[in-house]
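Chemist: As a plain string of letters, each chain reads:
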Amino acid sequence: MRTRPTILCTLAAGAAVSGALLAGGCSPYQPSRKLMDEVYAGQFANARAEFEERAADSTGSKDELLVRMKAMVLAMADGVPDSAARDIDRVYELLRTQGINRDAGGGTVLVGEKDSRFWKGEPFEQAMAYHMIAVNDALHGDWDNARADANNALFLLKDFSGVTGERTGVAAREKLLEAAEQSDDDGLGVTGTDVVSDFEPAYVMKAIACRRLGLANELDETIGQLLAAAPRLGPLADRIRAGGYDTVIIVDYGMAPEKVAAGEDGVLVGYRERTESDSSPLLVTAGGRTEAFDVVTDLNRLANDLKWNNLQDVRQAKSAIGSALMLGGVGTAALSDHKETQLAGLGAALAGALLKGTATADTRHCEILPQRTYIALASIAEGSSIELMIDGKPGSRVVLSPALPREQPDTLRAIYVRLPGSLNAWAGSGAVRYTNDEVADASGSRLPWILGGRDVRTPTWDVLADYQGAGVPRSMTLQGLEDLYRAEGIEIADPRDRGQTLGKHILEGGGWLYTPHAGSTGFARLYGQDHAPYRPKSDPVRALAEQIRTETEGVMP
Amino acid sequence: MRAPPPLVALAAALAFSLGACAGGPARRTTTYTAADLIEASHKMAASLAASDLLADRTADSPPMRLGLGDLENRSNERLSDMDRRATVARVLISPPMLELLASKNASVVLPPARAEELQRFGVSDAQAAASYEEPTHLVDATFRSLTRTATLAPKRDKPADARKDYFLVDFVIAEADTRRAVWADTFEFARIAKGTLAD
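Sequences listed follow chains A and B, in order. Okay, so the first sequence: first residue is 18 according to this note's numbering, each after it adds one. Okay, so the second sequence: first residue is 286 according to this note's numbering, each after it adds one.
You can trust all of the hints, since none of them are fake.
So these bits of chain A aren't anywhere near chain B, every CB distance computed over 10 Å: (1) Glu70; (2) Ala560; (3) Arg566.
Partial selection, computed: residues in chain B whose CB lies under 8 Å from chain A: (4) Glu357; (5) Asn358; (6) Ser360; (7) Asn361; (8) Glu362; (9) Arg363; (10) Leu364.
What the hints contain is simulated information worked out from the structure, not anything from laboratory work. C-beta: ideal position from N, C-alpha, C; glycine also.
Just chain A, same shape as in the assembly (with noise of 0.2 Å):
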């Protein structure tokens, strides 16, 4: 019977490949270029649609806290943070929400980690994530729930260099791998040290909640873990704690670090910088006066920290060649009664090669959270634009309009920026082309953009009285004018309704009518530069934008 065994491995042959393929089906991760770049040129509004979207469609898809993230941060890019809102409320539940994974086991193994857990991001993503809800919570004033969003980012760290001897990289990554083989133990099996975290903007944030929620003790507490985690921000710490500024300046700049598969078969995880590390300092000016302020923190330290990653990969390194060995030992066995000896290394291979394709790292990452990120506090004075830069890097540069949002007059008030990596015209001007909701008469123009004009407000009874004071009829009512842009299929957002997913804007060709904050990179895109004239769709709006053209003419500015 030389012939049965032979014919059985040929299936079992077939089925490894069979099996390395449909593992492989579920596809490894791929970051995407469009996206990087689009962000990388401060252009966030088709990926913001697009991923508001895919998010809404991701409830319990093992990519679904990724996607939302990635909404999360473009809405946030984009200055319409609110139209993200039920995605930052998501992220932030699954972030708190622990023992997801639990229950992935062996699956991961066999399938691969990207197709089998629940993508929850390393330490430093999710750290980041935290960050950018408590940004979002100062955006809106709500620094009680920035504090606790910012304590939530400083959880602890579990710190390996006792063992690998260094502390980053791929290089000790094997090291850790090596250790942990020496274990039987079916987790990582290698003791880490618990360390505080490191995390310098949490620390910046919460140290400024406090500060503004006057908890005295807090405050001294959260500056002096900021001052031992990063000494080189004495000077910002000072600054906190001394007080005298009205506005936190959260400035996010270049692209993360690319995560990648590393190692020996690409079984372990190792991070490629997208926008190289410098200590450039972000120049803030205002009201003539310009201040430095140090880089807070570099992602492409965090992520290559070990102490910032989980080391899943290391772990499930460590799983599949205990489980290459167990299969491959199966195969020998059952080859052996036939004497077939020369086959039982068949049967290894066929079960590594099915683990080879299968314990490849898991590389998903949010690849458009920024590379570094910088708080400057100022006092601004009203009426007064701010000017970013990090020095030496020209295409960074963006002016914010004088128009800063403010709910109140002795409010702290946070805007948050992510600056382009390229130069844009827009992203310097400074100039406000459109009448909008925050900035009234910037245009000059009274006459909505879709009658032919330079206004792009939501409709009010105060909006429609200035339209018809510029040539709309007096018969036009907030219904009729409401009908108008409904007749062109424009959606005016709600500002009662937070969590409204804004689609791109008019200006843009979407079909949205609203204004992003003013203090964004998305309101400096939207109003810095001048956009081609509106083409009615419909016919009573084609029909009132002639109307109003010819009786205005020679009267029009």
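Assemble chain B onto chain A, guided by the hints.
Modeler: Frame of chain A; chain B shown alone:
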């Protein structure tokens, strides 16, 4: 004839693969349970009943109207304004509290818009909004984190598998016009979360 083990192993692997590709994550919620709120309501009713504020009041005393005051979050948990209002309102309009207040000619009042908003979140008391008058007293609440206890798993690198978060809520009732505190007490809410911290 004996089944060929390599095929069995690979078939099992494939079946496992297919199973693992499908389906979402196992969820473990970390929110308050209704039981926590009910327990706090009973404790608050008992504390108020025994307090100087209500002890001498009867059904014939001048009306006392309790409204929502400042609700601050000093916990380590993100709590929306709505979460805070709903938590306090749930305690205030719970059966033991309403029964106590009615016997002392006291009531909970909510502006109609706020009552409607709370109703959307399943917190409703028709009386609280029906005949709204300005509150005579305001209920302030400060949410605080207390402690976290964890059940340590036996494995060295699995720090915790189950934990319980305790929240304290400091309640203060103050006169609406003077803001003078007339009653204060603290109640505990427990919350259970499961799963390893690394996940």
